[in-house]
Amino acid sequence: MLYELTAYELNKKLQKKEFSSKELTDAVNSRIESVEKNVDAYVTFIEGKPDNNDNVAGIFRNIPVAVKDNICTKGIKTTCSSKILENYVPIYDATVVKKLKEARVAFTGKTNLDEFAMGSSTENSAFKITKNPWDTKRVPGGSSGGSAAAVAAGECIAALGSDTGGSIRQPASFCGVVGMKPTYGLVSRYGLVAFASSLDQIGPITKDVTDCAHLLKAIAGHDAFDSTSLNTEIPDYPKALTSNVKGLKIGVIKELVAEGIESGIEHVFSEAAKKLESKGAQIVEVSMPHIEYALPAYYLIAPSEASSNLARFDGVRYGFRAQAEDLLEMYKKTRSVGFGEEVKRRIMLGTYALSTGYFEAYYGQAQKIRTLIIEDFKKAFEKADVLVSPTTPSTAFEIGEKTDDPLQMYLSDIATIPANLAGIPAISVPCGLSEGLPVGFQIMGKHLDEMTVLKTAYALEQTIEFKEKPKLN
Amino acid sequence: MAVKDYEAVIGLEIHVELLTESKMFCGSAVTFGEEPNTHTCPICLGLPGTLPVTNKKAIEYITMIGLALNCKINPISQFHRKNYFYPDMPKDYQISQYDIPVASNGFLDVELDGGERRVRILRAHIEEDTGKLLHESKSGRLHEAKYSLVDFNRAGTPLAETVTEPDIRSAEQAVAFVSQLRSIVQHLGVSDGNMEEGSLRVDANISLRPVGSNEFGVKAEVKNMNSFRSLKKALNFEIERQEELLRNGGEVHQETRHWDEKLGRTTTLRRKEEVQDYRYFPDPDLVPFNLTEDYVEEIRSKLPELPKDRKKRFIEEYGLPAHDARVLTQSKAVGDYFDEAVKLYKKDPKNVSNWIIGEFSYHLKNANLEIDESAITPKHLVNLLNLIDKKTISGKIAKEVFDEMFNTGKLPDIIVEEKQLVQIVDESEIEKIVDAVLEENAQAVEDLKSGKEKALGFLVGQVMRFSKGKANPEIVNRLIKKKI
Ligand SMILES: [Zn+2]
Numbered sequence: 037m038l039y040e041l042t043a044y045e046l047n048k049k050l051q052k053k054e055f056s057s058k059e060l061t062d063a064v065n066s067r068i069e070s071v072e073k074n075v076d077a078y079v080t081f082i083e084g085k086p087d088n089n090d091n092v093a094g095i096f097r098n099i100p101v102a103v104k105d106n107i108c109t110k111g112i113k114t115t116c117s118s119k120i121l122e123n124y125v126p127i128y129d130a131t132v133v134k135k136l137k138e139a140r141v142a143f144t145g146k147t148n149l150d151e152f153a154m155g156s157s158t159e160n161s162a163f164k165i166t167k168n169p170w171d172t173k174r175v176p177g178g179s180s181g182g183s184a185a186a187v188a189a190g191e192c193i194a195a196l197g198s199d200t201g202g203s204i205r206q207p208a209s210f211c212g213v214v215g216m217k218p219t220y221g222l223v224s225r226y227g228l229v230a231f232a233s234s235l236d237q238i239g240p241i242t243k244d245v246t247d248c249a250h251l252l253k254a255i256a257g258h259d260a261f262d263s264t265s266l267n268t269e270i271p272d273y274p275k276a277l278t279s280n281v282k283g284l285k286i287g288v289i290k291e292l293v294a295e296g297i298e299s300g301i302e303h304v305f306s307e308a309a310k311k312l313e314s315k316g317a318q319i320v321e322v323s324m325p326h327i328e329y330a331l332p333a334y335y336l337i338a339p340s341e342a343s344s345n346l347a348r349f350d351g352v353r354y355g356f357r358a359q360a361e362d363l364l365e366m367y368k369k370t371r372s373v374g375f376g377e378e379v380k381r382r383i384m385l386g387t388y389a390l391s392t393g394y395f396e397a398y399y400g401q402a403q404k405i406r407t408l409i410i411e412d413f414k415k416a417f418e419k420a421d422v423l424v425s426p427t428t429p430s431t432a433f434e435i436g437e438k439t440d441d442p443l444q445m446y447l448s449d450i451a452t453i454p455a456n457l458a459g460i461p462a463i464s465v466p467c468g469l470s471e472g473l474p475v476g477f478q479i480m481g482k483h484l485d486e487m488t489v490l491k492t493a494y495a496l497e498q499t500i501e502f503k504e505k506p507k508l509n
Numbered sequence: 338m339a340v341k342d343y344e345a346v347i348g349l350e351i352h353v354e355l356l357t358e359s360k361m362f363c364g365s366a367v368t369f370g371e372e373p374n375t376h377t378c379p380i381c382l383g384l385p386g387t388l389p390v391t392n393k394k395a396i397e398y399i400t401m402i403g404l405a406l407n408c409k410i411n412p413i414s415q416f417h418r419k420n421y422f423y424p425d426m427p428k429d430y431q432i433s434q435y436d437i438p439v440a441s442n443g444f445l446d447v448e449l450d451g452g453e454r455r456v457r458i459l460r461a462h463i464e465e466d467t468g469k470l471l472h473e474s475k476s477g478r479l480h481e482a483k484y485s486l487v488d489f490n491r492a493g494t495p496l497a498e499t500v501t502e503p504d505i506r507s508a509e510q511a512v513a514f515v516s517q518l519r520s521i522v523q524h525l526g527v528s529d530g531n532m533e534e535g536s537l538r539v540d541a542n543i544s545l546r547p548v549g550s551n552e553f554g555v556k557a558e559v560k561n562m563n564s565f566r567s568l569k570k571a572l573n574f575e576i577e578r579q580e581e582l583l584r585n586g587g588e589v590h591q592e593t594r595h596w597d598e599k600l601g602r603t604t605t606l607r608r609k610e611e612v613q614d615y616r617y618f619p620d621p622d623l624v625p626f627n628l629t630e631d632y633v634e635e636i637r638s639k640l641p642e643l644p645k646d647r648k649k650r651f652i653e654e655y656g657l658p659a660h661d662a663r664v665l666t667q668s669k670a671v672g673d674y675f676d677e678a679v680k681l682y683k684k685d686p687k688n689v690s691n692w693i694i695g696e697f698s699y700h701l702k703n704a705n706l707e708i709d710e711s712a713i714t715p716k717h718l719v720n721l722l723n724l725i726d727k728k729t730i731s732g733k734i735a736k737e738v739f740d741e742m743f744n745t746g747k748l749p750d751i752i753v754e755e756k757q758l759v760q761i762v763d764e765s766e767i768e769k770i771v772d773a774v775l776e777e778n779a780q781a782v783e784d785l786k787s788g789k790e791k792a793l794g795f796l797v798g799q800v801m802r803f804s805k806g807k808a809n810p811e812i813v814n815r816l817i818k819k820k821i
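Going down the list, the sequences are from chains B and D. Whatever position you read off the first sequence (first residue = 1), add 36 for my numbering. Whatever position you read off the second sequence (first residue = 1), add 337 for my numbering.
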């Protein structure tokens, strides 16, 4: 089936004219037609025409690609899965969307997410709950659950997600696909509806590491419209795709394989690490003493920034507006009705943390922890070329299982948050199944060292040969 | 109990719109008075997903202002977000500066009639302006409006905010400070400093304390003063209001007050309890920026002539009295005008100054015009001065010509010719008129002979009347005296 192939494979076959672009689009569309009702990955579908220009660089020409619905698309609704932006149509394209248009991808649609990317299960969408294609009673993870589920279900070939504390890697892990958060500043944030500006980063969600490298190459690069965008030469990421890891030092973060990890995950993870060792890599144990503070620091910094970033959704200029007698009441009603519970919880948390008298104790302390974690990483990278851990402490949980307990929900990002706080690249690669559900292997690299991360991921993929597919009807 | 004497303690916050080509964080043009919402883009509209990119020119301008105010330029500076909800602010936060402004710890020596007063500058920082609201109601105030319209053309315009220490003691000093600051930003070329159009806005913190006390009283903040005149009126009103309160045993509330120009008084806008917590935090979209010593020194070396240098030059080069030099450098346009005119009339700069400060200023004030908006160019003025010097017209006629030229923009040469205002200096012609006047006013002649000096003035006046003001008064005087 065409929808089961990777972008790299499809591109080869398209070039050989084994089938037409239209046949590919039709194949993905009919797959969507048959499984979307069970998965609910999309918020909006996009109809496109195949591109006939043969002189386009890259492998993504006419490849069906989905975009997370917090990334602005000109003329196409961008809802952030929120009632407050239910009918919002941007007047400009995000820089990554512009780049994908230049690569002539065939956009399939905008994918579901936890409202404003706040969540780890995609249950916080105002519109629908996306299901995990491996078991539709379970969540796909989040917040990029729609993108990860769409890739896993064959409802697109590749997708874009955004990752603030694990929102690409955690759903990729739950759905058995590859998801990468690049170095902060490598991919432009212009047009990504901000959740936590100092942590947000757009990245690829793909079927394999090869597609990931190619998609990253397509979206990376300096953008004059993003002041935090790095002005750096972009390496040819597909060149990293060699399985030679001889002599590579792989650091297992002690604190992330300790308590709280499901035994099935621990087992699959250590088997995978052993396979890398058998290919000539050297496994070392490293310690990150401050990592236990990453989660609380994250849950102060991210909501603080969010409380300010989401202020603009006030009913004055666009989006949902509640009817009211005066301005203050309009603000209050609009935001009370327009935002979901989790978003409101985080806005309250952040507003509190930034308030006079609390700022130093909360936001200030959290920033100090952030600095300590960056230091931890620096020291760890003196001992190892990459750092690894299970992407998540558990496999995909059941829908509704954690919705009443925000703290339990927050814990599913414990291994992914540190990379966001430090701004370093990190990838999740499927490394096996635990009780029939995918397990993700997280690889973190030094600042801007995507090449080593991709090389390690590719080597892992080659040795593991994870071929299982979700059995979706 | 003895009646206490109070003194006012005033600190100012002055916002100046900077004349950069594009806005503070986007490429939209900085404009004034254009069709609403025609100079906006996704960024200054604060649309979801947009990000700010700092305008380097605005950083250069605020650095120039900091240097002109004798401030320390901080080597690393940062933007903070000031969070509050208001419909004229697209993001519901304003990108501003907080604990590390571009410039801090400066001073400005304010020149007053009785000498100088040093006003310390706490800080000068850069931020973005808001949009403008138009409330559809009689009062133009939000709470009475049926609906309100918003224009985002101004949103994102770079604003320089200067905050003084509470070193000002009277409304007059406040006006002098603002006037001098305005002249500085004009000389720097970074703003037009127009209060009426809102490109220079002043908020004042005022408190009173017994003379001799070093403690501060409770202060009120006064907003909405849109001209130098209203600044002076508002501050004087507020000082009197507080003084009356204190004298009658009342107390001043810490609050924000609104100057109502029509009513001529300040009214409560917000009480202290309603003071907002702005929840400042570093803007994560903008990284801290470096202002290196080299950068600052380069800007310092390129600073244009400032009002105080210009004043010094006017005194040293043109021999002007200090008062004249100060008045002529209170606005860049006036200073430019004077320089231009003196270039064409090197022989007597003081004469040029007299005309600008006297007749010209009087006309400008009545017509509510700035000097560079007037039809009278330096060439016009010098033309007039030359006509007087050559005795083509008398000083009295000159004022008439000035009037005409102010209204029509015609050159004095042309006005004098058209209206046949050339002074009569031909003695025989004047003598004829004198003879006729003396013959007709025998009584006055007798009076003068008997020592009544008043009669001389009457007779000269009669001659001037007959000559339609054109007879040279000196000759008239001399001839009358000779004949009696
Ligand atoms: Zn703009």
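Keep in mind that the hints were calculated from the coordinates and are not lab data. Backbone N, C-alpha and C fix where the C-beta goes; we use that ideal spot for every residue, glycine too. Please note that a few of the clues may not be correct.
For each label pair, taking beta carbons as the anchor points, the in silico distance ranges come out as [claimed, not checked]:
| hint | chain 1 | residue 1 | chain 2 | residue 2 | range |
| --- | --- | --- | --- | --- | --- |
| 1 | B | Thr392 | D | Glu634 | 48 to 56 Å |
| 2 | B | Thr392 | D | Glu577 | 48 to 56 Å |
| 3 | B | Arg353 | D | Lys683 | 30 to 38 Å |
| 4 | D | Tyr484 | B | Ile127 | 41 to 49 Å |
| 5 | D | Thr375 | B | Pro325 | 32 to 40 Å |
| 6 | D | Ser474 | B | Ile127 | 27 to 35 Å |
| 7 | B | Arg353 | D | Tyr632 | 52 to 60 Å |
| 8 | B | Thr392 | D | Ser474 | 48 to 56 Å |
| 9 | B | Lys315 | D | Asp436 | 37 to 45 Å |
| 10 | D | Asp614 | B | Asn74 | 30 to 38 Å |
| 11 | B | Gln498 | D | Asp614 | 51 to 59 Å |
| 12 | B | Arg353 | D | Thr368 | 14 to 22 Å |
| 13 | B | Lys85 | D | Ser474 | 32 to 40 Å |
| 14 | B | Ala260 | D | Asp436 | 22 to 30 Å |
Within 51 to 59 Å or not, the Cβ separation of B/Gln498 and D/Asp614? At roughly 55 Å between Cβ atoms, D/Asp614 and B/Gln498 fall inside 51 to 59 Å, so the hint holds.
Is the gap between the beta carbons of B/Arg353 and D/Lys683 within 30 to 38 Å? Cβ of B/Arg353 to Cβ of D/Lys683: about 59 Å, so the range 30 to 38 Å is violated.
Do the beta carbons of B/Lys315 and D/Asp436 sit within 37 to 45 Å of each other? Distance hint for B/Lys315, D/Asp436 is violated at roughly 52 Å.
Verdict for D/Tyr484, B/Ile127 (Cβ pair) under range 41 to 49 Å: 24 Å, violated
Do B/Lys85 and D/Ser474 keep their Cβ atoms within the hinted range of 32 to 40 Å? 52 Å, violated
Given a hint of 48 to 56 Å, does the C-beta separation of B/Thr392 and D/Ser474 actually sit inside it? 34 Å, violated
Given the hint of 27 to 35 Å, check if D/Ser474 and B/Ile127 actually sit that far apart at their C-beta atoms. 31 Å, holds
Hint check for D/Glu634 and B/Thr392 - Cβ pair distance inside 48 to 56 Å: 38 Å, violated
Between D/Thr375 and B/Pro325, is the Cβ distance one that fits in 32 to 40 Å? 57 Å, violated
Check the following: the C-beta atoms of B/Ala260 and D/Asp436 are separated by a distance inside 22 to 30 Å. 28 Å, holds
Just tell me: holds or violated, for the beta carbon distance of B/Arg353 and D/Tyr632 against 52 to 60 Å? At roughly 37 Å between Cβ atoms, D/Tyr632 and B/Arg353 fall outside 52 to 60 Å, so the hint is violated.
Given the hint of 48 to 56 Å, is the C-beta distance from B/Thr392 to D/Glu577 inside that range or not? 34 Å, violated
Going down the numbered hints, you'll see the structure goes against 1, 2, 3, 4, 5, 7, 8, 9, 10, 13, while the others check out.
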